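Chemist: Single-letter residue listing:
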Amino acid sequence: MDKVIENGQLVQDKYTFVADKETLDPKYIDDANAILPWGLYQGIKDQRPAIGNAVWLDSDELPDAIKDDLSSFSLIAINFPAFTDGRGYSFAYRLRHTFGYKGKIRAVGDVLIDQLSAFKRVGFDSFALRDDQDSDEALKHFSDFKDPYQASIEPAEPLFRKL
Amino acid sequence: MYIYNNYDQQIVDERVVQYRDQLGRYMDGKLSDAEFLPLRLQNGLYIQRLAPMLRVAIPYGLFSSEQLRTLAKISRDYDKGYAHFSTRQNVQFNWPALEDTPDILAELAKVQMHAIQTSGNCIRNTTTDQFAGVAADEYIDPRPYCELIRQWSTFHPEFAFLPRKFKIAVCGSEKDRAATYMHDIGVEIVKNDKGEVGYKVIVGGGLGRTPVIGSVITEFLPEEDLLTYLDAILRVYNQLGRRDNKYKARIKILVRSMGIEAFREQVDEHFAGLKGTEATLTSKELERVKSCFTMPDYPSLDDNDAELTLKAEVGKDAAFARWVKTNTHPHKVAGFASVTISLKKQGTAPGDIYDDQMDTLADLADQYSFGEIRASHQQNLILADVKKTELYALYQALKAIGLDSANAGTLTDMICCPGGDFCALANAKSIPVADAIMEKFDDLDYLHDLGEIELNISGCMNACGHHHIGNIGILGVDKKGKEFFQVSLGGSQEKAGSLAKILGPAFAAEEIPNVIEKILQVFVANRQPDEKFLETYRRIGIDPFKETVYG
Numbered sequence: 000m001d002k003v004i005e006n007g008q009l010v011q012d013k014y015t016f017v018a019d020k021e022t023l024d025p026k027y028i029d030d031a032n033a034i035l036p037w038g039l040y041q042g043i044k045d046q047r048p049a050i051g052n053a054v055w056l057d058s059d060e061l062p063d064a065i066k067d068d069l070s071s072f073s074l075i076a077i078n079f080p081a082f083t084d085g086r087g088y089s090f091a092y093r094l095r096h097t098f099g100y101k102g103k104i105r106a107v108g109d110v111l112i113d114q115l116s117a118f119k120r121v122g123f124d125s126f127a128l129r130d131d132q133d134s135d136e137a138l139k140h141f142s143d144f145k146d147p148y149q150a151s152i153e154p155a156e157p158l159f160r161k162l
Numbered sequence: 000m001y002i003y004n005n006y007d008q009q010i011v012d013e014r015v016v017q018y019r020d021q022l023g024r025y026m027d028g029k030l031s032d033a034e035f036l037p038l039r040l041q042n043g044l045y046i047q048r049l050a051p052m053l054r055v056a057i058p059y060g061l062f063s064s065e066q067l068r069t070l071a072k073i074s075r076d077y078d079k080g081y082a083h084f085s086t087r088q089n090v091q092f093n094w095p096a097l098e099d100t101p102d103i104l105a106e107l108a109k110v111q112m113h114a115i116q117t118s119g120n121c122i123r124n125t126t127t128d129q130f131a132g133v134a135a136d137e138y139i140d141p142r143p144y145c146e147l148i149r150q151w152s153t154f155h156p157e158f159a160f161l162p163r164k165f166k167i168a169v170c171g172s173e174k175d176r177a178a179t180y181m182h183d184i185g186v187e188i189v190k191n192d193k194g195e196v197g198y199k200v201i202v203g204g205g206l207g208r209t210p211v212i213g214s215v216i217t218e219f220l221p222e223e224d225l226l227t228y229l230d231a232i233l234r235v236y237n238q239l240g241r242r243d244n245k246y247k248a249r250i251k252i253l254v255r256s257m258g259i260e261a262f263r264e265q266v267d268e269h270f271a272g273l274k275g276t277e278a279t280l281t282s283k284e285l286e287r288v289k290s291c292f293t294m295p296d297y298p299s300l301d302d303n304d305a306e307l308t309l310k311a312e313v314g315k316d317a318a319f320a321r322w323v324k325t326n327t328h329p330h331k332v333a334g335f336a337s338v339t340i341s342l343k344k345q346g347t348a349p350g351d352i353y354d355d356q357m358d359t360l361a362d363l364a365d366q367y368s369f370g371e372i373r374a375s376h377q378q379n380l381i382l383a384d385v386k387k388t389e390l391y392a393l394y395q396a397l398k399a400i401g402l403d404s405a406n407a408g409t410l411t412d413m414i415c416c417p418g419g420d421f422c423a424l425a426n427a428k429s430i431p432v433a434d435a436i437m438e439k440f441d442d443l444d445y446l447h448d449l450g451e452i453e454l455n456i457s458g459c460m461n462a463c464g465h466h467h468i469g470n471i472g473i474l475g476v477d478k479k480g481k482e483f484f485q486v487s488l489g490g491s492q493e494k495a496g497s498l499a500k501i502l503g504p505a506f507a508a509e510e511i512p513n514v515i516e517k518i519l520q521v522f523v524a525n526r527q528p529d530e531k532f533l534e535t536y537r538r539i540g541i542d543p544f545k546e547t548v549y550g
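Going line by line, the protein sequences match chains A and B. First residue of the first sequence: 0, per numbering that gives the first Met the number 0; consecutive thereafter. First residue of the second sequence: 0, per numbering that gives the first Met the number 0; consecutive thereafter.
These aren't lab readings, by the way, just hints derived from the structure by calculation. Being a predicted model, the structure only gives us computed values, none of them experimental. Backbone N, C-alpha and C define an ideal beta-carbon position, used for all residues, glycine too. Check before you lean on any hint, since a few could be wrong.
[What the hints assert, rightly or not] Per the computed footprint, the stretches of chain A lying under chain B, defined by three or more beta-carbons under 8 Å from a beta-carbon of chain B, are:
1) 66-75
2) 79-92
[Stated by the list, open to error] Far from chain A, some chain B residues (derived; all Cβ distances over 10 Å):
3) K289
4) G314
5) D316
6) A320
7) T388
8) E438
9) K500
10) R538
11) G550
[Said to hold, decoys possible] Which chain A residues face chain B? A few, computed with CB under 8 Å, are given here:
12) L61
13) H96
14) L158
15) F159
Chain A extracted, bound-state conformation:
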């Protein structure tokens, strides 16, 4: 099992990330701890429990697609194929703000130290760093800015409401 960052610390992760979007290895059908590609999960929905599932969205899969299934998930991972592909920031924000999703949202893929504080602000609360990243260094970068200007998920109020 790999480690991920949650609640400001490095923790062992119980999940297995299933990267193949084309064909599902049958061993994952009953695996409650598999993070399945959303497309493949849809095909086996009936064979899965009603709650506690984990799926992942790629950067070209809008969260609107899963909005009716949110109660089935305890974790939604959003893939960053490249750290410069910023779609996932809006996906996380919308899952929280527009669709009211309360489970975990994990950043996976090209997840780098310098993006963590923004990830956290738009609603991510689980971070699978890219393998080569220094996790001790990473923990220092969650709050590079103490009092940001804008409203997002965290904080939900813009700075000007504090003045």
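Since the structure of chain A is already known, use the hints to place chain B on it.
Modeler: Then chain B, alone, in the frame of chain A:
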């Protein structure tokens, strides 16, 4: 002007710490070139042909004499003693050392300045009218709204990795001096029938390789909804904008491919979930920011007396008379004028200014214009609040430091990008072309007789020199490894704008001054009394110009 509170200061200070750490990790090999690239770009740092270039933000073009002195000091201590004002109302240093950049940022932070988001695929510096707050044709001062947008866009967590760069311009006057239809978003401040303040919002305009005039997305947005509506537009763009081809990644391509109706529908849907939420502007916040842009304490002056004094001085000094004609502008307040300090002079690249000139100019701003300066997107500097009776003294002081070019708004007040002399993207060297034009057309009486003409030069189709919206546009192109220049006519940056049409096959650099001369001959031969170049062009069309230039 806006003065930082503790929070504003904390954010720029935290940025210096963050950037210093990032640069340190890059120097230690912990960040690759590709990973450091967007981090440094979001801080205005380019690696150019010869050295890094640092672009410092001048939010909506407004800065103080103290800030100008700091820019002078930075150019002296860390650069080669000059700075370059860009078409985005920003300032650029062409020769800083990479390892000095955190110290430069720390110097800037001391005077409430920064380089945040002056480059990269994020929301850039918001621009506006250089005469904001003083223009005679202004309905509403755009600067408080620009500052609100500055704060909202600074380190917006969702929009740091957009498909492409994103530029917002704001205007609040009859004449659009901010080219709002040529921006990713244009905000025009308006009043509705009930007298309530709001915004007409334009989306999807832009220059670059595919110039597009923006579309109106809403005719009237209530004042408090500005930031949440911008959030909605950006959210649609961030999710749906193309990322597979950087030449098709601007919002203008998305708006065009969806159609404005479908795009508007998406924005409305997102906005519906935001309207009235805590992200909405409060009247308290609007008041707080507006109160930073109060009118200076103008003495009450008699305009007739001021005009008489000025007339007498103009009568004695023909050079001053010419300068007054082109470089001073009407002001809201009796007895006052705004002054353009032209940074267009033969032998100096358009927009460049030396450190000692900056220092003197800072003193002059203190003495004659309430200590404030503005940068214009025409790459000039403005002293916005000068007493008419002090214009002559100011002019003489400017003359003493070589900043008395009496060409504002004329042919030689060119907009010009840094071009192939500095920029790694350019196809062609634009500065020598500007200089050759400056040399050929050095007769001020002739320039003044020609009247208002906008001549814009870009070294490549990225269009930093805004060639599409020049009355005369010049674009550097590469043909089999050789530099050529394509000429176009009829562009305009006014409201609803117009894009220039290509005249015909491109020319070698040395031919350009003669081509311009022929174009001007056609204009002079065809113009009616008091007609401007653009008006004549629109009346007679492009053919007479083609015939003379290529005939």
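Chemist: The structure should be examined with respect to each hint, and the outcome stated for every one.
Modeler: Taking the hints in turn, this is what the structure says about them:
no., hint, in the structure
1, 66-75, "violated (count 0)"
2, 79-92, "holds (count 9)"
3, K289, "holds (13 Å)"
4, G314, "holds (53 Å)"
5, D316, "holds (50 Å)"
6, A320, "holds (48 Å)"
7, T388, "holds (41 Å)"
8, E438, "holds (44 Å)"
9, K500, "holds (36 Å)"
10, R538, "holds (47 Å)"
11, G550, "holds (51 Å)"
12, L61, "holds (6 Å)"
13, H96, "holds (7 Å)"
14, L158, "holds (6 Å)"
15, F159, "holds (4 Å)"
Violation of the numbered hints given earlier is confined to hint 1; every other hint is satisfied by the structure.
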